[in-house]
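A.B. asks: Chains as they are written, first to last, in numbering that gives the first Met the number 0: chain A, 0 to 321; chain B, 0 to 321.
Careful: at least some of the hints might be erroneous.
Copies of one chain are not kept apart here, so a pair can be met inside one copy or by any two copies together.
[To be verified] Derived DSSO-like pairs: lysine-lysine, alpha-carbon spacing no greater than 27 Å straight-line:
(1) K55 - K106
(2) K202 - K212
(3) K110 - K207
(4) K318 - K139
(5) K83 - K55
(6) K26 - K139
(7) K318 - K83
Quick caveat, the hints were computed from the structure, so don't treat them as lab data.
Protein chains: 2
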Amino acid sequence: MIRVGIVGYGNVAAGVVKALALVSDMKLVAVFTRRDPKIVSLQEGNAPILHIDTAKDMKNDIDVMLLCGGSATDLPEQAPYFAKMFNTVDSYDNHAKIPEYMAEIDKAASKTTAIVSVGWDPGLFSMMRVLFESILPDGKNYTFWGEGVSQGHSDALRRIDGVLHAVQYTVPIEDSINEVRSGKCPSLTTAQKHKRICYVALKPDVNKEEIEKTIKCMPHYFQDYDTTVHFVEINELFENHSKMPHGGLVMHSGNTGNNNHVTEFSLKLESNPEFTGSVMVAYARAAYRLSKEKNYGAKTVFDVPLSYLSQKDRNLLIKELL
Amino acid sequence: MIRVGIVGYGNVAAGVVKALALVSDMKLVAVFTRRDPKIVSLQEGNAPILHIDTAKDMKNDIDVMLLCGGSATDLPEQAPYFAKMFNTVDSYDNHAKIPEYMAEIDKAASKTTAIVSVGWDPGLFSMMRVLFESILPDGKNYTFWGEGVSQGHSDALRRIDGVLHAVQYTVPIEDSINEVRSGKCPSLTTAQKHKRICYVALKPDVNKEEIEKTIKCMPHYFQDYDTTVHFVEINELFENHSKMPHGGLVMHSGNTGNNNHVTEFSLKLESNPEFTGSVMVAYARAAYRLSKEKNYGAKTVFDVPLSYLSQKDRNLLIKELL
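Could you put the whole structure together from the sequences, leaning on the hints where they help?
C.D. replies: Right, here's the structure in full:
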């Protein structure tokens, strides 16, 4: 049994707990929190909830630590700290800063294996971008996100004066997807690939038209996009828009000789954090196996053979799935 | 420069030559044939064509040998022979016999790296089956083939008395795909997933109705399937049905908690052999790199980290594509 710990208990951590319940080779040892453990309770499953400061005393009890904190401030601090003591897996998703983040962790992980930026983007989508362009170098990658809730854009709506609560869906534009599918290799900006649909509940006595204008003119977030604003009651927002679906697709259109090939990878997820947690659990298995081989340091999804992710042994994979 | 040789010159080998023309880190050294080299000429590119018996004298001139012979008789004989002397990549596609095939090659490859069964199925599709079920163990994989030409079924048509020439397309059934996409996890037989469309040119004075009946009642090949037969002139067959398009998709529908997730990987290929050749070239790069690390023996796509496939170095991949 691979003994797993979780650092930070939020939506992704709850997803990890659910994913662990579906595998027979791993066991959740403890959940570590910065909060008072007494006020934290698990949505599902039962494992001790301990203060984060006690983790350092459990080096011999935990094989892999799954770091479920946020990318903005938690992980840059926690990941190097934990990688010194434990094998780790995290879902750091600040694409631009991954190289410097990894460098810090690589220094810490001299006797551990730390797999960074695991999830679906960065993660599975990144893998497809590498796979596709390696096979078809005379071609072009396309990433579409959605349909799904964007946390950053929802937050931007909520910061507007007069907005009580809001949820923003990023929706890929079907015509753009079909243009890529046709083999045309178009040049597409992010705005040409996505539209934005906002569900907004207002405070009383607010000018709807002004708010709509503020949203649609917000630079970077909405200005360049086909943006639709639906004003709804706060109840409707909670009832119909509190799930966290997401998904998207990576496509590649490439040529060999006079022939075109289109490759496509897509996800349609009812729960973004549960799926991300499931990917992390598969990579926890890989981190454990790599560390057993003394293959230490900061790793990415590009470094891990697929057989390391599976509960089945290599011979069975070859027999059943090759 | 990685120095590459090709063994056997057919459609896949011609695809390899085209794929090599698109990369800057590999060079085609020679094509080896069992035929009289004087009667073989390359469709494209220029490289010496040599008799297969001369390959053994070129151990120091070639880094990776791409074995492009057929799976039925060529590869079982050639792959162990070449793996003794060279790093190899092949596209052996007899799924049921892969374990014993690999065992033979593994014995031969004590000082070389031999990546077997590279292509899209086995190959990329196999990778997706492992990836998907590792992440979502409470789920089910589905493989659909087509729309594309099936060589085996086309041959079965051509063996019927009275048939002059024929081409068979395997076509996935859209309703079955949509059932999986809906998250229902249906049980589907191969016949429930595919229909078969036949284009048949007849010899003179043959009874069409009888031939159609013979086709539709042919056990294993057509009997269980929704089969359509179009009788066409031989010219039309050559003009409209001599390309080799193919494709297909691997889907997985899996659950976490109370949520369903559908993952999907699809290929739409204008030329099956050119795409297969392109996959082999990317894995030739991996075979070369693994052998440099003395990671010898028979390998599969499950054993190779994705970074080994790319012309870009790992840091650049992390920066640009993670």
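A.B. asks: Could you work out which earlier hints the structure fails to respect and list their numbers in ascending sequence?
C.D. replies: 3
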